[in-house]
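**Q** So the protein lines, in turn, are chains Y and H.
The first sequence begins at 57 in my numbering and counts up one residue at a time.
The second sequence begins at -14 in my numbering and counts up one residue at a time.
The set of hints was computed from the structure by calculation and includes no laboratory data.
Please note that a few of the clues may not be correct.
To give an idea of the chain Y side of the interface with chain H (calculated C-beta under 8 Å), a few residues [what the hints assert, rightly or not]:
| hint | residue |
| --- | --- |
| 1 | S97 |
| 2 | H105 |
| 3 | K108 |
| 4 | N109 |
| 5 | W158 |
Calculated cross-link-like contacts (lysine-lysine; reagent style DSS-like; alpha-carbon spacing at most 27 Å) [to be verified]:
| hint | chain 1 | residue 1 | chain 2 | residue 2 |
| --- | --- | --- | --- | --- |
| 6 | Y | K155 | H | K42 |
| 7 | Y | K155 | H | K56 |
| 8 | Y | K155 | H | K2 |
| 9 | H | K3 | H | K50 |
| 10 | H | K54 | Y | K155 |
| 11 | H | K56 | Y | K59 |
Derived list of chain H stretches under chain Y, where covered just means 3 residues or more per stretch with a C-beta under 8 Å from a C-beta of chain Y [said to hold, decoys possible]:
| hint | region |
| --- | --- |
| 12 | -6 to 0 |
| 13 | 78 to 86 |
| 14 | 90 to 97 |
From the three backbone atoms N, C-alpha and C, an ideal C-beta is built for every residue, glycine too.
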Amino acid sequence: DAKTTQPTSMDCAEGRAANLPCNHSTISGNEYVYWYRQIHSQGPQYIIHGLKNNETNEMASLIITEDRKSSTLILPHATLRDTAVYYCIVRVNAGNNRKLIWGLGTSLAVNP
Amino acid sequence: EAQVTQNPRYLITVTGKKLTVTCSQNMNHEYMSWYRQDPGLGLRQIYYSMNVEVTDKGDVPEGYKVSRKEKRNFPLILESPSPNQTSLYFCASSFSSISYEQYFGPGTRLTVT
Chain Y
57 DAKTTQPTSM DCAEGRAANL PCNHSTISGN EYVYWYRQIH SQGPQYIIHG LKNNETNEMA
117 SLIITEDRKS STLILPHATL RDTAVYYCIV RVNAGNNRKL IWGLGTSLAV NP
Chain H
-14 EAQVTQNPRY LITVTGKKLT VTCSQNMNHE YMSWYRQDPG LGLRQIYYSM NVEVTDKGDV
46 PEGYKVSRKE KRNFPLILES PSPNQTSLYF CASSFSSISY EQYFGPGTRL TVT
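Work out the full structure: start from the sequences and follow the hints.
**A** Written as structure tokens, this is what we have:
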């Protein structure tokens, strides 16, 4: 079962920041939070990951609460090409397999 | 260009006819994995491989086989496909199982009638 909960869908105006929330209240201390996105039915694309600290890269920023029970992915200036399903994922340690537990994601629509 | 390729991209077949979906990566990745994606269920891992000749079951391995004879290739085999294996399949790879980023192929849409 997925360890994360996300809104089913969100809208954002082009050029504005998109803030996608995620709850992961049962996350363990050594489990990372990952964000991927999937455009149409293409292969998922990695965006960013984090453990405790906030992270930023060329695509997005990840804000993790101090208690690690939730996080927010921020797309600072959303474009139409950012319309996709965004997955917040917890990576668990399953023996020697570092497994990604996928939920159903948030469908983000960026509107002109 | 660094990529994961899958073939075929689309396949319609009949129950019981053996098929193979190929997956190849050109990034010298050790870790490879197969997922299936179904509406309302998200991505679920079928099999994974830590390295050549090392494979193991994921969450939904029933009805599937894999092999890893070469580092770059990780084919998914359906010996006797059934309609409940109709799905969108993705192959993914990463440098290792603890690597932060997995690279996904474009997907194979399989329909079993």
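**Q** Hint check: is the beta carbon of H105 of chain Y less than 8 Å from a beta carbon of chain H?
**A** Holds, about 5 Å.
**Q** If you draw a straight line from the CA of K56 of chain H to the CA of K59 of chain Y, is it 27 Å or shorter?
**A** Given pair K56 of chain H, K59 of chain Y is violated - Cα atoms ~32 Å apart, limit 27 Å.
**Q** Take the C-alpha atoms of K155 of chain Y and K42 of chain H, compute the straight-line distance between them, and say whether it is at most 27 Å.
**A** 12 Å, holds
**Q** Would the stated hint for K108 of chain Y survive a check requiring a Cβ distance to chain H of less than 8 Å?
**A** Violated - the Cβ of K108 of chain Y stays beyond 8 Å from chain H, reaching only about 15 Å at its closest.
**Q** Compare the distance between the alpha carbons of K155 of chain Y and K56 of chain H with 27 Å, and conclude whether the hinted pair is satisfied.
**A** 20 Å, holds
**Q** Any CB of chain H closer than 8 Å to the CB of W158 of chain Y?
**A** At 4 Å from the nearest chain H Cβ, W158 of chain Y passes the 8 Å test, so the hint holds.
**Q** Verify this for me: three or more residues of the region 78 to 86 of chain H with a beta carbon less than 8 Å from a beta carbon of chain Y.
**A** It holds, with 4 qualifying residues against the three required.
**Q** With a cut-off of 27 Å on the C-alpha distance, tell me whether K54 of chain H and K155 of chain Y pass.
**A** 23 Å, holds
**Q** Quickly compare the C-alpha distance for K3 of chain H and K50 of chain H to 27 Å and report which way the hint goes.
**A** 11 Å, holds
**Q** Measuring from the C-beta of S97 of chain Y to each C-beta in chain H, is the shortest one below 8 Å?
**A** This hint holds: S97 of chain Y lies near chain H, its Cβ roughly 6 Å from the closest one there, short of 8 Å.
**Q** Against chain H, is N109 of chain Y within 8 Å by beta-carbon distance?
**A** It is violated, given that the least Cβ distance between N109 of chain Y and chain H is near 14 Å, above 8 Å.
**Q** Taking 27 Å as the top limit, are the C-alpha atoms of K155 of chain Y and K2 of chain H close enough?
**A** Violated, at roughly 31 Å.
Hints 3, 4, 8, 11, 12, counting from the list given before, are not met by this structure.
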